[in-house]
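Q: Model the placement of chain B on the given structure of chain A, informed by the hints.
Chains as they are written, first to last, in this note's numbering: chain A, 1 to 135; chain B, 1001 to 1099.
Calculated directly from the structure, the hints in this document are not laboratory data. It should be emphasised that the depicted structure is a prediction, and the values quoted were computed from it without experimental measurement. Misleading hints may appear alongside valid ones.
Calculated from the model, a selection of chain B residues having no Cβ within reach of chain A, i.e. all distances over 10 Å [said to hold, decoys possible]:
| id | residue |
| --- | --- |
| 1 | Asp1011 |
| 2 | Ala1017 |
| 3 | Ile1049 |
| 4 | Glu1067 |
| 5 | Asp1069 |
| 6 | Glu1081 |
Residues on chain A that point at chain B, a partial pick, calculated with CB under 8 Å [as the list claims (entries may be wrong)]:
| id | residue |
| --- | --- |
| 7 | Gly16 |
| 8 | Gly94 |
| 9 | Val98 |
| 10 | Ile102 |
| 11 | Ala103 |
| 12 | Val106 |
| 13 | Gln107 |
| 14 | Ser109 |
| 15 | Val110 |
| 16 | Ala120 |
| 17 | Ala124 |
| 18 | Ala126 |
| 19 | Met127 |
| 20 | Pro128 |
Think of the CB as a built atom: it goes at the ideal place given N, C-alpha and C, for glycine as much as any other residue.
The primary structure of each chain is shown beneath.
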Amino acid sequence: MVNLVLVSHSLELAEGLRTMAGQMAGDTVRIEVAAGTPDGRLGTSAPMIVDAIHRADGDGGVLVLLDLGSAAMSIEMALEDLEPEVRGRVAVSGGPLVEGAIAAAVQASVGATLTEVTAAADGASAMPKLPGAPS
Amino acid sequence: MSNRLRLSIVDPTGLHARPAARFVQAASRFASRVTVEHAGREADAKSLIGLLSLALRPGSLIELVAEGDDENEAITALAGELAPYVREADTATTERGDR
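For reference, chain A alone in the conformation it holds in the complex (with noise of 0.2 Å):
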């Protein structure tokens, strides 16, 4: 099964996300964050995301899932430091945080690919958010 991070420069923003996320989806996906300074502070940090990656580390892969800014520059110094066979499991959706994690999580909860589900968190930007609004 595929497992989910949030990177977040807020730690309450993911906890509540992935709060959410996992009572849409279920308790039989892994949702990890990474969240916050590790001094408490907003900001993100490249080791909590590593740390992260390897809690929801599985046969299924991990999908991570950013909020904006620099959480994009961490998780590329994430990656780098990453042992190569755990980078092959890992993909990175530019897609909503919300809407994208929840969608993601679904997916991963029906036995869905890393590659479904990174594409259900990226298309969740084609989602519309009001109803009537067009897609």
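A: Quick look at chain B alone, frame taken from chain A:
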């Protein structure tokens, strides 16, 4: 039981995300191809994004379609999953509020 079922959304807030997620999980247990058709569009019932992209609202008419070896079982199970949020659509019912 046919492999095709016309339903009308009655839940006051449409088909919200949590029941939609449970519906996707239920549909994924069947080998059949399962789709939800609405307003000329077709969504894969095994994809949350696909389902939510239909933007279903109260009064929306949907057609649940299953094609495959277990299509009848799929329709029965999924109709049960949706039961709190739909009623069987009268074929004469005209769709309101949808473009």
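Q: Confirm or reject the statement that Ile1049(B) sits farther than 10 Å, beta carbon to beta carbon, from all of chain A.
A: Check fails; 5 Å does not lie beyond 10 Å.
Q: Under the criterion of a CB-CB separation shorter than 8 Å, is Ser109(A) in contact with chain B as hinted?
A: At 6 Å from the nearest chain B Cβ, Ser109(A) passes the 8 Å test, so the hint holds.
Q: Just want to verify: Asp1011(B) was marked as not at the interface with chain A; is every Cβ pair farther apart than 10 Å?
A: Label holds. Min Cβ-Cβ 13 Å, cutoff 10 Å.
Q: At a threshold of 8 Å, is the proposed contact between Ala124(A) and chain B supported by beta-carbon distances?
A: Result: holds, 6 Å to nearest chain B Cβ.
Q: Decide, holds or violated, for the assertion that all CB atoms of chain A are farther than 10 Å from the CB of Ala1017(B).
A: Ala1017(B) not clear of chain A: closest Cβ-Cβ about 7 Å, inside 10 Å.
Q: Measuring from the C-beta of Val106(A) to each C-beta in chain B, is the shortest one below 8 Å?
A: Where the cut-off is 8 Å and the nearest Cβ of chain B is about 4 Å from Val106(A), the hint holds.
Q: Using 8 Å as the Cβ threshold, decide whether Pro128(A) counts as touching chain B.
A: OK, holds: Pro128(A) within 8 Å of chain B, min 5 Å.
Q: Taking the least C-beta to C-beta distance, is Met127(A) closer than 8 Å to chain B?
A: 5 Å, holds
Q: Once the shortest beta carbon distance from Gln107(A) to chain B is found, is it less than 8 Å?
A: Nearest chain B Cβ about 7 Å off; hint holds.
Q: Going by Cβ atoms only, is Gly94(A) closer than 8 Å to chain B?
A: At about 15 Å, which exceeds the 8 Å cut-off, the nearest Cβ of chain B leaves the hint on Gly94(A) violated.
Q: Going by Cβ atoms only, is Ile102(A) closer than 8 Å to chain B?
A: 7 Å, holds
Q: Quick one: work out the minimum CB distance from Glu1067(B) to chain A and report holds if it exceeds 10 Å, violated otherwise.
A: 19 Å, holds
The structure shown violates the earlier hints numbered 2, 3, 7, 8, 9.
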